[in-house]
Structure formats: structure tokens, C-alpha cells
Amino acid sequence: MSSQTATVYPTTWKRPSLIANPLAQRAVVAAVVLYILWAVGSLEVDWQRVIQGFDRAGKLFGRMFPPDFSRWELLLKGIGESLQMAFAASFFGMALAIPVGLCAARNLAPRPVYLLARGIIVITRTFHEVIIAIIFVKIFGFGPLAGVLTLIVASLSFIAKMLAEDIENMTSGPMEAVRATGASFPKFLIYAITPHILPRYLGVSIYRLDANIRHSTVVGIVGAGGIGQVLQASFNRYDYDFSLAILISIVALVFIGEFFSAWIRGKLR
Amino acid sequence: MTVEEHAKRYPEVWRRFSPRVTLIRYAWYLGTMFVAAWAVHQLDIPWFYFLDAHVQAGDLFGRMFPPDWAFFQVVLDPLVETIHIATLGTIVTFVVAFPIAFISARNTTFNTATWFIGRFILVTSRSVNTVVWGLLFIAIFGPGPVAGVWAIAARSIGFMGKLIAEAIEEIDEGTVEAIEATGASRLQVLWIGVLPQVLPVIWGTSVYRWDINIRESTVLGFVGAGGIGIMLYSSINQFAWREVGIMLISIFAVVVVSELVSAAIRQRIT
Amino acid sequence: MLTITDLVKEYPTGLRALHGVSLTVDKPQVVAIIGPSGAGKSTLIRCVNRLVEPTSGSIALDGVDITKLGRGALRKARRRMGMIFQEYNLVERLTVMENLLSGRLGYVGFWRSFRRKYPAADVQAAYALLDRVGLKGYENTRADSISGGQRQRVGIGRALMQQPDLLLVDEPTASLDPKTSRQIMRIIVELAHERGTPTLLNIHDVPLAQNYADRVIGLAAGRIVFDGGPDELNETVLTEIYGEEDWSTTVGGGDDDGDDDRPGGSDDLEKAAAAG
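Protein chains in written order, with this note's numbering: chain B, 1 to 269; chain L, 1 to 270; chain R, 1 to 276.
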């Protein structure tokens, strides 16, 4: 106890800041606040409209209830089309991802091929599905074809990227061992590459099926078929009770899709 | 050893899978093919479209070049707005996601009812696409970026909330116990015992979601929820392909840069 | 003063961890609770501040029955009881100072703890304790960047920040090496004596208990089978607590160093406990 009476301990303590320099810390805080002010200001928020919005929200939800399932045939057709788009796109996406993925692996493909494949992946991954969809709609016209193609492109680049990364992460040992037996390139693919990437490839593909089901519900908004098109039309016609019925169906569909995908991936493991 | 004995001990046939497993495997292959074939058939794809698709596509991209660089000045404002929508939407999510995650995690929720509400919010938020949320918020707030911000937030809450809730379910319970043992209130246990443990996850997922949101906010305009999508949509509909070209290039640049920034920040956090 | 009467704990799985335990701690003394794994040591200590909800019986701290308290009153009772854990249970991502000050959470409002603005007296006490447990200058270090022994010192500091009327200590040394274990035990016992705080301390290491405790309670299968001074521990008593084993090398080991390297150290005891 003697040491406690002898030493006078400080009575304040401040938590050390992430940024040591207090000036810099204030500058960062000021910058963040200024950015938010600028961003909010530039949105040109019409407060009148926002306040009205709450009132409108009440009315909107009022008109949404009860959900109207009376046009269930239209609903079912849209859901069916979305599902078909998702299945077809996942299948083709899986198939096409293999060549693109192999070409995009740095340790497998010659430099120009590698760059080309990577370019395709980067470009298709960067643009949102809906942008790709609208371009396909312009080329092929309205309807599920544009939707399927969109989903194929999206799945293709997603799976191919995973594949390429997986192959690049392989240790060179097994690859050299198979090459050393004198195997030709196709045999090399089957014996050295396939066993390594197959589990992940299947897992990613099934995840992608689930993602495609989700995305198939939106590409319709720009006219690329599926339930999204029905939803967009119902919103344009202010059929909010039908919209809610569609939304509920989408949530249910996505939920089942996710459950199914998780179940299969569990089985694969 | 006779020849028979030798053959018995060392059979000439080696099968990786037993016949039953082989059969099941082939059944899966067949089933998959069937589903794919059925799906394609049902969609009634007009295959003849493909005959000149490459010409069409080539034509389209040809018409995008040379890009109309002067148009870039016009694009700049909506492009900045796109980034604002994504950032503000992410900030809203950053604030809201933790409380929702807190009631959605089994170990911190109050009771079964609150857990169920939390999970319901997360599932609904994730199941509805950002663009669809956009449609809803436009019906409420009218067309414009405000609807876009809320749409981004509405979709991101489910994404971040789910990841944060998973992180909360994996925290060290001992720490929580220790804070409880000091006589701290429930809110203090949450703030001192739980939050610091999941803070890195909150930051990481926020930054990650921000770069996804940049990509999402580029299309919000297609339904009128602000950002570059509005202009892109009208240019596409007017077949102003040189303008479209510029916009695609700038979207590409912004998305790629945001992805790099996000990856760099996440690397520093973890 | 702590009085535990007929304490019973039955877990939902049907496991009966405590079969009517009664004990009284009426003076500032360090009470070591020894016993094999699964004897209910941890359950007993955790029942006192109701981290584990007792099934029946009563626990009176200065006349107040803790088992009957509502949420708010329980919090008030908990802040009078400091607890030290085997795994330290610090908030790893916070600084040492924040961990120490978290001992005051029961006394400050949410807003103060939110802003880390603790009263001057608390901060001063924290600095003093930091010095006392030998961590001077560590206040701004994050808890995940210090060693196990240092973390336990912070854990001790956090418990004492509460100015507790009772210290609950659950296997404080089980995750530490022998030398650090002794240092940690010494700090706990010295501080408990200095401040006159009655202390309930779980420990599986018999020599450590003998060296540092004022009183030893033996727990076997949820019942108290021994209650007496550390010098009363002999082969018969140990056999009653832990079961049959050669205890001749364990008892009377009053020596201050090297105990844990001998056969009959903590590892062997665990094995004996598991077997018996």
C-alpha cells in the first residue's frame, strides 16, 4: 500500500486513437462528415416528397394487402420461366466455364490466351446482370432468350474465375508427377487437374444455380423474361396487391432454392 | 502360386466405384441433362436468331466506336451520384445491420419471437433484389436517388446482418460471461463484451458490400432510382450507342477501381 | 459474509452437479476448493453469482439471498462480487485499461461506458491496480498482444476494480506454466489479504492450494467431503476426495518451487480423477 500513497496516479485516461496524430484524426472525421453532407446535398432530397413518402408508404402497403393470388396462372408461368432460365443457364454456364477457366489459369495457358480469358472474365463480372440483359434484349428482342444468355454469361464468368483461381493455387508437385508419366495434355487434365478442382467446381456450380434463381427474378425488369417481367408490369399498372403476391412467391422461391443448394452442397462434402 | 490364385489375389479389373454407386452417378448425370434439355425446350428459344447474332453484336459494338469522349462531361454527374447512392446506402446499412444481427443471433437474441423477427428481416431483405427494392421505394418516394439509397440499404441489411449474426454466434462466450459477472447492464454487455469482438467483421463486410453496391447502383436507374442507370437506359433506348460506349467504359472503370480499393482496405483490416 | 445452504444444481441434461452443498465464509480468508474434474467446483462458484442458475438452496451474501433476486437486483449483487476466470475472458480487442475499467460497468451508466468516460477515482484506481499487478505502462496495450500471465493479471485487476466484497476465482492457473501460476496465486492471495476480501478459489493443483490457501474445502461428486486447514490435508483425505492413488509425494510439499515437475502434479491428479 505504501507505493500507492507515494505515487500519484493520473485521474484521466483517453483511449489511444487509431490515428496517432490528433490533427490527422480530426481531418479524417471532418472529411467523412463533409463527404456525407456533400453526398446527401447532391441527392437533391425533396423533403416534402420524403414526408409525403411515409404517407404514401402507408397507402401503398394498404393497397398491397391482402396479396392477390387470383392470377396464379400468370404467376406460375412467370415462376416456371424463371426456373427454366436458371436451370438452362446454370447448365450451359457450367459447361462453358471449363474451357474459359482452363484458359484463365496462369500456370496452364499461354500468355495471350490467358490474357484474353481473364479479359472476358473481368469485363463480364464488372457489368451488372441487368446491363448485360438489356444489351441482349437489344440484340435478341424481348423474352427469355436474352435472360438465359445473360445468366449464362454471368455464371460462366463466375465459375470460370473460381476454377482458374483453384488451378492456380494447385501445387505443382502432382502436376509434374502426372506429366512425368508421359501423359498427353487431355490425360493430364483428367488425372492431374480434375480430381483437384472437381469438388469445388460442383460446389460453386450449385451455388451458382441458386444465384441464377435469384437473378432470374430481376432480369425481367428490362424485358428479359421470367417473373421479373410480370412484377415490373404489375408495378406499372399499380396492381400492388398482385405485386405483393409476386414478391411473396419470389421470396419463397429464393428460400427454397437456397435450401436446396445448401442441401446438395452438404451431400457433396 | 497357381495362375488362378494369382488372378484372385490380384484381379485384372479395378473399379473406382461399385456398380451401385456408378448407377446412381449415371442417374444424376441423366437427370441433370434431362432438366437442362427440358428447360431449354420449354423456353422456346428462337434458334434462328443465333444465325446472325455475331453480326448483330459486332454491329452493335462497332457503333459504340469511336466513343464520344465529349459526352464524358455529361456522364460525370450521374456517375458521382451512383457512387453516392452506394456509399450512403452502405452507411445506412452499417448503422442498422448490427442491431438486427444482434436479435438474429441465437446467443444474443431476447427470445424466440425476436429471433424469428430478426431472421425474417434478414431473409426478406436478401431474397428481394436491389432493383426490386428500387421499384418498391420509388412507389414510396418517387423516382430519384433517395429511393436508390433506401433500395441499396434494404438489400444490404440482409447480407451484412447475416454475416454479422454468424460472427456473433461464434464469439467467445467467456468474455460475455465475464462482463456479465461485473454487474454490467444488458446494453453494456452488448457494447463492451460483444461489439468489440465482431467489429472487424462489421468493417470488413461493410467495405465488401460497398463495392458490391457500387455495381448494383449502376442499374438502379433502369427503374428510375437514380444514378447513371437512368441515362444509360435512355441512351440504349434511343440507340445512341456512342454514348452507351462512354457510359460502359466509365462504369467499368468505377467498378474496377472500387473493387481494388475495397480489396486493399479489407487486406489492411484483417 | 457468505452463507451457502443446501445448494443443489441439476442441469437440464439430468446431470446433478451439486447435491446440497452448505458452507460459510465468515472472515477474510482464501478458501480453496479442490476436487476432481466434474466434482462441481466450477458449478459451485458460478452459482454464487448466478452465471449458473441454482436449482434449489440459498446463497446469502451479507444476509441477502442472491437466489431470489430479480434482474436489476442481481446486477447490483454481481458488482459486489469480482470474478477471475481460467481463460482470463478479457475483451481481447480492447486495451488493458478498458478491460480494467470494465470492472466498473455495474457502477457507471451506459453513456459513460459508451464514451469511455469513467469517473476520475476509477481511472486513478485502475492505474494503481495496474501498478500493483505489475503491468505499469501497459494501459494502452491491446489485451490480445500480451502473454497469458499478463492477461490473468489484467483479469485480477478487473475483478478488484469492482471493490468486491467477495472474490470468486475459477481455476486461475490452469492455463499457465508452473512459475507464472505461482506468481498469479501469490498476487491473488496477497491482494485478498490486503483488502480483506473473502475469496472462493477453485483449483485442481493440490500443492498450490496447500501453499496459498487459509482453508481448504474438498468437493467430490457434488458433496463437501473435507473442510479444514491446508495442513490437515493428508493421504486419507486426498483418497476420500480423489480416490485411491499414491499420495505420499503430494502431501506436505510445502516447498515453493518445482512441485509441478514431480509425479503427482496436476496432470497425474487429472488422470487419477478421471479414472476414479
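Everything labelled a hint here was simulated from the structure, so no lab data went into it. Fair warning: this is a prediction, and the values are worked out from it, not measured in the lab. Please note that the accuracy of each hint is not assured.
[Unchecked claim] Here are the simulated lysine-lysine pairs, BS3-like style, with alpha carbons at most 27 Å apart: (1) R:68 <-> B:14; (2) L:162 <-> B:267; (3) R:117 <-> B:14; (4) R:117 <-> R:179.
[Claimed, not checked] A few chain R residues that don't get close to chain B, going by computed Cβ distances all over 10 Å: (5) 86; (6) 109; (7) 131; (8) 139; (9) 147; (10) 186.
Glycine included, each C-beta is placed from N, C-alpha and C at the ideal position.
Right, here's what the structure says about each hint:
no.	hint	result
1	R:68 <-> B:14	violated, 39 Å
2	L:162 <-> B:267	holds, 23 Å
3	R:117 <-> B:14	holds, 8 Å
4	R:117 <-> R:179	violated, 37 Å
5	86	holds, 28 Å
6	109	holds, 18 Å
7	131	violated, 7 Å
8	139	violated, 7 Å
9	147	holds, 20 Å
10	186	holds, 16 Å
Violated hints, listed in ascending order, are 1, 4, 7, 8; each of the other numbered hints is respected by the structure.
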